[in-house]
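> This is what each chain is made of:
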Amino acid sequence: MEAFLSLIHNNIDIIYFVILSVFVGIEVIGNVPTVLHTPLMSGANAIHGVVIVGAIYVMLHLHEDNLAGLILGFFAVLLGTLNVVGGFVVTDRMLEMFKKKK
Amino acid sequence: MKAPILEISYLIASVSFVIGLKRMSNAKTARNGNLLAAAGMTIAILATIILHEGPVPPLIYGLIGLALLLGSVLGWFTARKVAMTKMPELVSLFNGMGGACAALISLIEYPHISPGAGILISVLAGLMIGTVSFSGSMIAFAKLNGTLGKAIRLPFYNIINSLMLVAMLVLCGLMLWDAEFNNMINLYILLGMSVVYGILFVIPIGGADMPVVISLLNSFTGLAAAFGGFLYGNKAMLTGGILVGSAGTLLTIVMCKAMNRPLSNVIFGAFGGGSGSGSSDGSEKGSIKDISVGDLAVLMNYSKKVIIVPGYGLAVAQAQHVIHEIEELLESRGVEVKYAIHPVAGRMPGHMNVLLAESNVDYGKLAEMEEVNPEFASTNVVLVVGANDVVNPAARNDTSSPIYGMPILDVDHAEHVIVNKRSMNAGYAGIDNALFYDPKTSMLFGDAKKVLTELATELKSL
Numbered sequence: 001m002e003a004f005l006s007l008i009h010n011n012i013d014i015i016y017f018v019i020l021s022v023f024v025g026i027e028v029i030g031n032v033p034t035v036l037h038t039p040l041m042s043g044a045n046a047i048h049g050v051v052i053v054g055a056i057y058v059m060l061h062l063h064e065d066n067l068a069g070l071i072l073g074f075f076a077v078l079l080g081t082l083n084v085v086g087g088f089v090v091t092d093r094m095l096e097m098f099k100k101k102k
Numbered sequence: 001m002k003a004p005i006l007e008i009s010y011l012i013a014s015v016s017f018v019i020g021l022k023r024m025s026n027a028k029t030a031r032n033g034n035l036l037a038a039a040g041m042t043i044a045i046l047a048t049i050i051l052h053e054g055p056v057p058p059l060i061y062g063l064i065g066l067a068l069l070l071g072s073v074l075g076w077f078t079a080r081k082v083a084m085t086k087m088p089e090l091v092s093l094f095n096g097m098g099g100a101c102a103a104l105i106s107l108i109e110y111p112h113i114s115p116g117a118g119i120l121i122s123v124l125a126g127l128m129i130g131t132v133s134f135s136g137s138m139i140a141f142a143k144l145n146g147t148l149g150k151a152i153r154l155p156f157y158n159i160i161n162s163l164m165l166v167a168m169l170v171l172c173g174l175m176l177w178d179a180e181f182n183n184m185i186n187l188y189i190l191l192g193m194s195v196v197y198g199i200l201f202v203i204p205i206g207g208a209d210m211p212v213v214i215s216l217l218n219s220f221t222g223l224a225a226a227f228g229g230f231l232y233g234n235k236a237m238l239t240g241g242i243l244v245g246s247a248g249t250l251l252t253i254v255m256c257k258a259m260n261r262p263l264s265n266v267i268f269g270a271f272g273g274g275s276g277s278g279s280s281d282g283s284e285k286g287s288i289k290d291i292s293v294g295d296l297a298v299l300m301n302y303s304k305k306v307i308i309v310p311g312y313g314l315a316v317a318q319a320q321h322v323i324h325e326i327e328e329l330l331e332s333r334g335v336e337v338k339y340a341i342h343p344v345a346g347r348m349p350g351h352m353n354v355l356l357a358e359s360n361v362d363y364g365k366l367a368e369m370e371e372v373n374p375e376f377a378s379t380n381v382v383l384v385v386g387a388n389d390v391v392n393p394a395a396r397n398d399t400s401s402p403i404y405g406m407p408i409l410d411v412d413h414a415e416h417v418i419v420n421k422r423s424m425n426a427g428y429a430g431i432d433n434a435l436f437y438d439p440k441t442s443m444l445f446g447d448a449k450k451v452l453t454e455l456a457t458e459l460k461s462l
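Taken in sequence, the protein lines are chains D and P.
Taking our numbering, the leading residue of the first sequence gets 1, the next gets one more, and so forth.
Taking our numbering, the leading residue of the second sequence gets 1, the next gets one more, and so forth.
Here chain D stands alone, though its shape is the one from the complex (with noise of 0.2 angstroms):
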């Protein structure tokens, strides 16, 4: 109990952080048409390739030796890359035919 309650106390911060960020994503995607919704899943889905940015500060603070970690490493950005560009890109062709009518 005192672990889980120090646990609490340590990272309030970021706790209410949270909360927060939780009610931001809800609020902004609120009232979105239909037809947006899969530009909408695909736009969100590129965002998340965020974790590439923590992918690459593990391949900064490896070592030149710790060859699996470098293995593991490389594949981490790449994967992260895929999902970041790939995601980005898609949905902007999608998005791109809505625009060419208005």
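Hints listed in this document are in silico derivations from the structure and should not be mistaken for laboratory results.
Quick caveat, the model's predicted, so the values are computed rather than measured.
Any given hint could turn out to be false.
[To be verified] Derived lysine to any residue pairs resembling SDA-like cross-links, with alpha carbons at most 25 angstroms apart: (1) 22/P x 97/D; (2) 235/P x 65/D; (3) 22/P x 1/P; (4) 257/P x 393/P; (5) 338/P x 302/P; (6) 450/P x 295/P; (7) 81/P x 96/D; (8) 22/P x 72/D.
[To be verified] According to the in silico footprint, chain D covers these stretches of chain P (three or more CB under 8 angstroms from chain D): (9) 71 to 78; (10) 323 to 333.
For every residue, glycine included, the Cβ atom is placed at its ideal position computed from N, Cα and C.
The hints should help you fit chain P onto chain D, whose structure is shown.
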């Protein structure tokens, strides 16, 4: 000096994600919003590399650069070249990549982390959620791609899945609680269980529900990214991850609402498993009527109002351009033409809108379900192209049907219903459709593109 600039870069990135997402939920600003979020992401990535303090061996910079380059080229190429009809699969695939990335981070970090419950929770949660999202997305991808066919159901799959989840959480709890359990072997066991759970989670779910599943897995990956942010105290990862986590969950619920089914029903419920329910009572089927392209051309030409109901079949046949041509031909003869778009037509909400927009169909001609349903009664001809479940009257009046309660397009209220299908095969939900046996209905068999091109030619000659 570098650290504050890095912080500011992450702040800019976080704000760009929020504003980008906001702008993406409005048709006019959507494209701009997406580009804004992409710009923020670029800033975050570059800042992480450039503003890093401390020595880094050139080999590591080289590897990061190579991975970024390779990923960008591959990602850009795939996203640009894949056909519009394959969009849902692609989103699922990219989502899985993000999940795998989060899981790999945890895998690398685990041997190096300092003791502390908060850190360990983040690493284990990132590993579990990321992995489930990865393996689940791959199954969703295979299903949408057609590699994996129908829903696969193990006996008692709900119990097996729940037990699996409980076992994962128990192992996770033990690793947190007792240092003796906190070792590499258990981490690999947890990893293996997560892979299996992701597969078991998605495999029993029918194809028609895949969009909902992808949206859910999307928010999972967001959550995994957020745990990464917690691990490093990285605010950009936290904001991005949580935003997607919460927005993705809301989007999932909105989609379920569009199908009038609770989320629990999608995950645990019965759909598309060919459970044999529904109105498949051979005796009451009645007979099927065919119509020729020539007759249909005449019928449409002398109609006052025609409504087109596009479905996945239209997308598969790539018939969106031909249908637009037919629409213009009819309009030039004074026929009023509209498209009725069911919220889950195609394989994803908005899928049909994207396709029709691609072939230059006027935005104003696309009518959503609620606004168009009262109009069917005053419509002469409804042309259903490759749609099935979204026009199945069983959803309205057959309580035993697995799709009972789903709102549908009331096409059977129109004077004539023409259904274009390749064959009499059931739709994605795997159930029979009484509409086809309705005396008002005529079937127009054949590939949508081929048949509609013939129809356009006939119309021109009239």
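> Within the segment 323 to 333 of chain P, is the number of residues with a Cβ closer than 8 angstroms to a Cβ of chain D three or more?
violated (count 0)
> Just to be careful, I want the Cα atoms of residue 338/P and residue 302/P compared with a cutoff of 25 angstroms; is the pair within it?
holds, 16 angstroms
> Between residue 235/P and residue 65/D, is the straight-line Cα distance small enough, at 25 angstroms or below?
Given pair residue 235/P, residue 65/D is violated - Cα atoms ~30 angstroms apart, limit 25 angstroms.
> Is residue 22/P close enough to residue 97/D, meaning Cα to Cα at most 25 angstroms?
holds, 19 angstroms
> Is residue 81/P close enough to residue 96/D, meaning Cα to Cα at most 25 angstroms?
Within the cut-off at roughly 15 angstroms; holds.
> Can you confirm whether the C-alpha distance between residue 22/P and residue 1/P stays at or below 25 angstroms?
At roughly 33 angstroms apart (the allowed maximum being 25 angstroms), residue 1/P and residue 22/P break the hint.
> Has the given pair, residue 22/P with residue 72/D, been kept, meaning a C-alpha gap of at most 25 angstroms?
Outside the cut-off at roughly 35 angstroms; violated.
> Compare the distance between the alpha carbons of residue 450/P and residue 295/P with 25 angstroms, and conclude whether the hinted pair is satisfied.
holds, 16 angstroms
> Taking only the CA atoms, is the gap from residue 257/P to residue 393/P under or equal to 25 angstroms?
holds, 19 angstroms
> Taking 8 angstroms as the C-beta cutoff, is the stated coverage of the segment 71 to 78 of chain P by chain D satisfied by three or more residues?
holds (count 6)
The earlier numbered hints that this structure contradicts are 2, 3, 8, 10.
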